[in-house]
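Undergrad: In case you want the letters, here they are:
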Amino acid sequence: MDKLFTESQMRVLQAALDRIIPADDYPGAWESGGGDYILRQMESDSKSLLPLYRLGLDAIDAEAVTAYGQHFADLYPARQDALISNLERGTTGTHWVISAPGFINTLISHTVEGYYADAGQGGNHDEKSWKMVGFNQAGRP
Amino acid sequence: MTKTYDVIIVGAGAGGGIMAGVLAEAGKHVLLLERGPKLSFVEMGRDHLRNQRHSPYGHNAGPEENGNPRVLVDAQGREHLVKPHEGGYQNNAAMVGGGTQVYGAQAWRFREQDFRMASTYGVPEHSSLADWPLDYAELAPYYEQAEWEIGVAGDDEANAYKSVRVKGFPLPPIPGNPSRSVLQRGAEKLGWKTHPVPMLINTKPYLGRPACVQCSYCVGFSCPSNGKNGTQNTLIPRGLSTGNCELITHAMTERVDVDERGNVTGVTYLKEQEGAIVRESARAKVVIASSGAIETARLLLNSRSAMHQNGLGNEHDLVGRSLQGHFYPGVNGLFEEITHDGLGPGVSIATSQFNHGNAGIIGGGMLANEFTKLPIIFWRGSLPPDVPRWGAANKRWMRENFGRTIHIMGPVQDIPNPECRVQIALNVQDRFGIPVAKLSGTTHPETVRTAQFMYERAREWMESSGATRVWGGPPSLGMSAGQHQAGTCRMGDDPMSSVTDRWGRVHAHDNLYVADASLHVTNGGFNPVLTVMALAFRSAKNIAKQL
Ligand SMILES: Cc1cc2nc3c(=O)[nH]c(=O)nc-3n(C[C@H](O)[C@H](O)[C@H](O)COP(=O)(O)OP(=O)(O)OC[C@H]3O[C@@H](n4cnc5c(N)ncnc54)[C@H](O)[C@@H]3O)c2cc1C
Numbered sequence: 001m002d003k004l005f006t007e008s009q010m011r012v013l014q015a016a017l018d019r020i021i022p023a024d025d026y027p028g029a030w031e032s033g034g035g036d037y038i039l040r041q042m043e044s045d046s047k048s049l050l051p052l053y054r055l056g057l058d059a060i061d062a063e064a065v066t067a068y069g070q071h072f073a074d075l076y077p078a079r080q081d082a083l084i085s086n087l088e089r090g091t092t093g094t095h096w097v098i099s100a101p102g103f104i105n106t107l108i109s110h111t112v113e114g115y116y117a118d119a120g121q122g123g124n125h126d127e128k129s130w131k132m133v134g135f136n137q138a139g140r141p
Numbered sequence: 142m143t144k145t146y147d148v149i150i151v152g153a154g155a156g157g158g159i160m161a162g163v164l165a166e167a168g169k170h171v172l173l174l175e176r177g178p179k180l181s182f183v184e185m186g187r188d189h190l191r192n193q194r195h196s197p198y199g200h201n202a203g204p205e206e207n208g209n210p211r212v213l214v215d216a217q218g219r220e221h222l223v224k225p226h227e228g229g230y231q232n233n234a235a236m237v238g239g240g241t242q243v244y245g246a247q248a249w250r251f252r253e254q255d256f257r258m259a260s261t262y263g264v265p266e267h268s269s270l271a272d273w274p275l276d277y278a279e280l281a282p283y284y285e286q287a288e289w290e291i292g293v294a295g296d297d298e299a300n301a302y303k304s305v306r307v308k309g310f311p312l313p314p315i316p317g318n319p320s321r322s323v324l325q326r327g328a329e330k331l332g333w334k335t336h337p338v339p340m341l342i343n344t345k346p347y348l349g350r351p352a353c354v355q356c357s358y359c360v361g362f363s364c365p366s367n368g369k370n371g372t373q374n375t376l377i378p379r380g381l382s383t384g385n386c387e388l389i390t391h392a393m394t395e396r397v398d399v400d401e402r403g404n405v406t407g408v409t410y411l412k413e414q415e416g417a418i419v420r421e422s423a424r425a426k427v428v429i430a431s432s433g434a435i436e437t438a439r440l441l442l443n444s445r446s447a448m449h450q451n452g453l454g455n456e457h458d459l460v461g462r463s464l465q466g467h468f469y470p471g472v473n474g475l476f477e478e479i480t481h482d483g484l485g486p487g488v489s490i491a492t493s494q495f496n497h498g499n500a501g502i503i504g505g506g507m508l509a510n511e512f513t514k515l516p517i518i519f520w521r522g523s524l525p526p527d528v529p530r531w532g533a534a535n536k537r538w539m540r541e542n543f544g545r546t547i548h549i550m551g552p553v554q555d556i557p558n559p560e561c562r563v564q565i566a567l568n569v570q571d572r573f574g575i576p577v578a579k580l581s582g583t584t585h586p587e588t589v590r591t592a593q594f595m596y597e598r599a600r601e602w603m604e605s606s607g608a609t610r611v612w613g614g615p616p617s618l619g620m621s622a623g624q625h626q627a628g629t630c631r632m633g634d635d636p637m638s639s640v641t642d643r644w645g646r647v648h649a650h651d652n653l654y655v656a657d658a659s660l661h662v663t664n665g666g667f668n669p670v671l672t673v674m675a676l677a678f679r680s681a682k683n684i685a686k687q688l
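Chains A and B, in that order, give the protein sequences. My numbering puts the first residue of the first sequence at 1, with every later residue one more than the last. My numbering puts the first residue of the second sequence at 142, with every later residue one more than the last.
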């Protein structure tokens, strides 16, 4: 795949997805294909959001470095969660040129779409999320 | 070369499909024009993010995203260009079958009072509430015809509030699911009567097509077993098989044509061929507009001529007014027990107790449990407000409670507002260069009062059924057109207050008809499609006799 995101942006993306839907006995968002879903979105319906994503992922990392002296992906999960919660509330320690809640809500929305929508979109590998919630598999053609 | 037919029908949806089938079988030479394509189950797919139920990125049943805008006027009077998949567009579907290949298939008859709203309740100020020019008894045989020829599953005995009916349903009701017993229990405690929801679904093989496979993709998708019944698999193929009906898809009708004396002669439509737009005309003795409530109004308003400067049928500025649909108040509830067995369609219990006779309220509505939801729709719309939107807690909630919730909701009788309307946006054209529909206004405030009353009944039912939590907000004023859009070319006896006569014939024309939800004077407190179908059967018989 073409480089939509830098390596460090990809690390933030992966870590954030795995906090938005963490793994338990069902896969987390990344393992389930959430990254592929978002990359596909960035090349199709959500193309116009690519600049927002680039800025947002960098800004999340900058938040982590400023607050904890570590990259977002290297933080303890509890700190990652706290950081995401702060962004949702609009509480930031660095200067954001985009809306922090706006970006994090978009990221949450895309992550959830990838996880719960049909596998044809890149996410929801093996339809595991459907098995998890008990979405009907009966009578499928 | 311009071809000549007995009848040209514009739009192959619920109303148009029935017209085509009945008239072709009556030996009439029919041209059926449909702006959209004919689509199969496989072509329509199961995209959870691009379907007629959930469309953040697009649709599966048209119209095409690009080149088909509408203009939406907001409360401040600002105009917005909207695309088909965006909420403000008020989309239904654009394909062979119209809404009927993707609908949920609830098959309700309106009740006696639904045809006499003005005389039952009086007319609130600033409302265009009116009686129909026909009553329930007159439509009843055609409801029956729709139920038997298209195929409805239901239980005639169970409904304590049913309208008088001669014959039962051709198919046994859809099987119950755990929600049904939970909600039945709650209703019994309240002394309410409930019954299964009548559905245009084959609960066993019927009319040569298989039974439903309970896959839970009814609403917004095509049916994999072909056991969901619409015009695309009943009356349209019936009409085509006579050899008397020609169906042209991708044919966007631009206008109804008239001669120099103002008499309707046929239509002009546009097709795209090898990248170029080709304009074609066809002539007929009778033209039937059945493009759905918004597009039929657009078609008539765009059919301006020297004799009809404001469009056809619009001498009294009535075409496009009283655009209505349904408010859908409802609540979600959480239960300790399992409420879903994972099978479709899911909707399985209703009460018609509150459609009329509610003290101090105009009309009312039906309440039912909702269809089985796609998980993404559940996440978007069914989480309690205090459940986090992400993280381990959200995942746990989804996992534990997807099968433990019930959503009760239902359509509310819309009190029409003449200022809620379809007009033509002369400055905005579609990809064919045809001026698009401009939508403005809201329903009448009385609708919100009725919706609030029904919202409270939904809450009461949920609580009585043993929900441990109940959530969902009350209704507020807005436009209600959407998939249940209706009312823009209402029927009536008086040309000063209606667009068509009691047969759907446009006043002052002897050969121009409307046959779709536009005719509805009021839209009942029930899903509208069976009424669209019944009216079309009735009017088709009348046209066949006269031609
Ligand atoms: C997801 C969904 C669920 C629904 N569930 C239910 C339900 O459970 N019960 C119920 O009663 N109703 C339901 N409905 C509503 C129901 O489908 C409509 O009430 C019904 O289809 C309206 O019939 P109609 O004949 O007025 O228009 P339509 O069925 O919309 O048909 C109009 C047709 O005209 C075509 N057309 C428009 N303009 C032109 C033009 N200029 N030239 C050529 N062709 C044109 C359109 O493409 C369309 O195919 C649902 C609808 C949807 C989308």
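One or more hints might be untrue.
Claimed, not checked - Here are the simulated DSBU-like pairs of lysine-lysine, each with C-alpha atoms no more than 30 Å apart in a straight line:
| hint | chain 1 | residue 1 | chain 2 | residue 2 |
| --- | --- | --- | --- | --- |
| 1 | B | Lys345 | B | Lys144 |
| 2 | B | Lys303 | B | Lys334 |
| 3 | B | Lys345 | A | Lys131 |
| 4 | B | Lys303 | B | Lys330 |
| 5 | A | Lys47 | B | Lys345 |
| 6 | B | Lys686 | B | Lys334 |
Said to hold, decoys possible - Label-pair ranges, simulated between beta-carbon atoms:
| hint | chain 1 | residue 1 | chain 2 | residue 2 | range |
| --- | --- | --- | --- | --- | --- |
| 7 | A | Lys128 | B | Gly614 | 51 to 59 Å |
| 8 | B | Thr409 | A | Gly102 | 23 to 31 Å |
| 9 | A | Lys131 | B | Val419 | 45 to 53 Å |
| 10 | B | Gly186 | A | Gly102 | 43 to 51 Å |
In case anyone wonders, no lab produced these hints; they're calculated from the structure. Ideal placement from N, C-alpha and C gives every residue a C-beta, glycine not left out.
Undergrad: Take the hints in turn and mark each one as holding or not.
TA: Hints versus structure:
no. : hint                            : result
1   : B:Lys345 - B:Lys144             : violated, 42 Å
2   : B:Lys303 - B:Lys334             : holds, 11 Å
3   : B:Lys345 - A:Lys131             : holds, 28 Å
4   : B:Lys303 - B:Lys330             : holds, 21 Å
5   : A:Lys47 - B:Lys345              : violated, 46 Å
6   : B:Lys686 - B:Lys334             : violated, 42 Å
7   : A:Lys128 - B:Gly614: 51 to 59 Å : violated, 32 Å
8   : B:Thr409 - A:Gly102: 23 to 31 Å : violated, 47 Å
9   : A:Lys131 - B:Val419: 45 to 53 Å : holds, 51 Å
10  : B:Gly186 - A:Gly102: 43 to 51 Å : violated, 31 Å
Of the numbered hints listed earlier, those contradicted by the structure are 1, 5, 6, 7, 8 and 10.
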